[in-house]
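Chains as they are written, first to last, in the working numbering: chain E, 1 to 444; chain X, 445 to 645.
Worth double-checking, as some hints may not be accurate.
Claimed, not checked - Listed below are the simulated SDA-like cross-link pairs for lysine to any residue, each with C-alpha atoms no more than 25 Å apart in a straight line:
id, chain 1, residue 1, chain 2, residue 2
1, X, Lys488, X, Glu474
2, X, Lys541, E, Arg225
3, E, Lys386, E, Ile408
4, E, Lys412, X, Ser509
5, X, Lys541, E, Glu413
Stated by the list, open to error - Restraint-style ranges between C-beta atoms, simulated for each label pair:
id, chain 1, residue 1, chain 2, residue 2, range
6, E, Arg183, X, Glu477, 27 to 37 Å
7, X, Gly609, E, Glu207, 46 to 56 Å
8, E, Glu267, X, Gly609, 36 to 46 Å
9, X, Leu626, E, Met1, 26 to 36 Å
10, X, Thr510, E, Arg350, 26 to 36 Å
For the record, the hints were derived by calculation from the structure and aren't laboratory data.
Where is the CB? At the ideal position from N, CA and C, for every residue including glycine.
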Amino acid sequence: MPILGRERAREWETVWATLTRMDSLFAADPEGRGLSGMLSNLRGFLLDKFSKSDAGQPAVWYNLGFNPELIWALGVVPFCVSELAALSSIVGDQADTEAFIDLAESKGYSADCCSADKAGIGALLRGLYPEPACLVGINTPCDSQVAVVQAMAEQRNRVPLFVIDVPPYDDERTFRQVAGQLRELIPFLEKHTGRRLEWDRLRKVCETTNRTSQYLWDWMEWRSRAPTMQPSKVAAFTMVLMIGFSGSRWGLEIARALAEDARRKVETGVRYFQEKARAIWYQDPVWWDIQIYDWMEAELGLVIPMDIFGYYASEAWIDTSSEEAMLFGLARRMVNCHPMSRQFRGTMKRYIEDFMVLHERFQADCGILAGHIACKHSWGGIGLFKEACKKADIPLLVFEFDMFDPRILTYKELQFELKRFVEEMVLPRKGRAKPGAEHGRVGE
Amino acid sequence: MAGLANSQELDLVIGGFLRRLPRLDPIIREITEGTPLLLKLELKDPPLAAEIDLTCTPLVIRTDSTAAGTVGMAGRSEDFQRVLLGLLPVAKGINEKKLLARGSIALLMKAVPLFYVVPYIYPSYLESIGRADLIEAGEYPPLHADQPVEGIMNQIISALAYGAGYLMGFIKKRIAPRLDILAALEAMGQGLRKAGPPHQV
Ligand code: SF4
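Isolated chain X, as found in the complex:
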């Protein structure tokens, strides 16, 4: 993979992204429905092992653990990078055996939606660390298009979120290119937490 030839660099880029996730704790808990799972990621060529530990609050990221995890995903770093970018949908990755899943299917299905959301923030993260060169050109499939919409409230909230996203994108592209999208999401997460009790774990 261009630019990610060794573990150090992989840790800096993908590891660095994962280490920012605790800032999004409330959002991630909403996405995973407050499920206390430990998602183990095992990348190879070059190697990186990481854990997203949702059994504690706020969530913890570890890149130095040998714990097995309650569920796991393994694959080549290059393929995982494409998952984060939204170029390789999870189902396709599993069917083509580029992603090897492990553990309780129910828990995995709770973790998988994380990968629907990540492609919206990963490219701007790469830009923020000066690695826009890693954003591949390619056909980006419509993310999350296959997910069932549950009720009118979901549609309204999705429309509002779309509007906010559009506004952020507009400002970032036209007015303030260094706008921190992760910070905006973090603020959204804080709002979520303030509005009601977070998922208990």
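If we strip away everything but chain E, and leave its shape as in the complex, we get:
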């Protein structure tokens, strides 16, 4: 299916055609309106990018720890290098994501890297993004980002690269240090894109981000109620929003659609399955088949009210009163709110604390650590995490898998792990604590 009347690479056309079909399928059902609101804004976002690229506007590539407000403010086109691979998994053909991963590995990129980055590198090797005017690299949230920045630089070795180096701390000094680097990034972007940054324009972009933040906080509030009415499969979308859409009107509209859908579902109060157990999904979501969350709800009564990719911390507000304040706010948000960068960048303290906060706030019965194999940093601290859960008397399921690659843990194997945990551990435990508690929320 051509996009804007032009033939594109097959992978982009697959994403586009699938989005179009999904949107028209789900828009017809009132229960699907929230999803449809997200899908139609995702389509708008892609159309906007393609039309700007077709018109010759410069593109800037970056890796997934960066947020694109400065790029939007310059009026140029941001492309996260993992974008197409992620879209292929979530709203396209998963086989394309796997083909990107295989291509990157076959060209010698480390199999130990994050699949988001390997698949991003595969898409770069296939030449699927418009040529960049310059590259922005960042070393968060993990070492895998260093590898993908190196790959970007190798593949476009004549294109200028700016690297943001985030220290492994989360204090005021760190935010100031990163804000200073963002200030240096501005003349670099201006020079290579040929655009001048207008601070008033950046202010508007930051205000859009702030409005988006407010919707995300509202959304979390609606989802924290028990029973959770909005499907588990949208619990992780904050992450996608921050990487690709931050500061854009498409991101704002997607956040609004998510929040309004969550509110409407709570107010309507209609449920289609019995909620028996609530889990905080910690680590990476099952992007390779998000429909498995429907299975969890329908067959196990297991609900994921929130996961680490969905959690949006309260430090995200950007003060737009001055240039300094905006850069500080952008830096703090990128370092301390971006899911993963917030939890995976320093010690295990924040990682464990955030889990405990989510567990309490979202009234969870248990935790599920879906251990993405490339998150070596969290595997390194798994003992501390298990110990903390044991102390807090929280049942915890831990397994290895890959968020973009079902060949590591298959659908059937994942079903087996979840079923055994819920039926043999969580529900009997709940039953012992409060007889009949596993059905306590049904019909509320």
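Using the hints, position chain X with the ligand against chain E.
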């Protein structure tokens, strides 16, 4: 579900319908845009597992396989029967978790249009096997109404197809009640195949 209380009967009715699909191979390939997918259907209460294998030509239906399929749909037999009748639209089924989908979304979206078309032929199939009792009374939503119309040719072809359908319906109701609608569609499929190269798989 009235009349479909066990697997044998389910296999006879829904399984029997699926086994007729190879006759419509060219039409099904048009609908699924020639995508080589293997759609696994897993029904329960009573159980039936079936596959529509579009990776080979003509397509093959299996009701005795344990293959996982490239995409899948699972649900209760009663709900699936309502999907076939057009009483439960696929989106509603998924949103209400009566239908559990699995696999690549792109491939699923290629398979879903099959369920827009089936409700036009399933009732007449039930009549042909003497099971008109399974055609539920109910409010049948306008099928396919939400699908985008792509271009003037689509409109012309849709109008012609509507005319042919109307004529078939008229003849079946007023003149020849035992008219075989599936045979007519099969003939249409043969015409499609004759007119140009079929989707290659
Ligand atoms: S999922 Fe893990 S390995 Fe991948 S980018 Fe995030 S922190 Fe790094």
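Hint numbers not upheld by this structure, sorted from lowest to highest: Result: hints 1, 6, 10 break, sorted rising.
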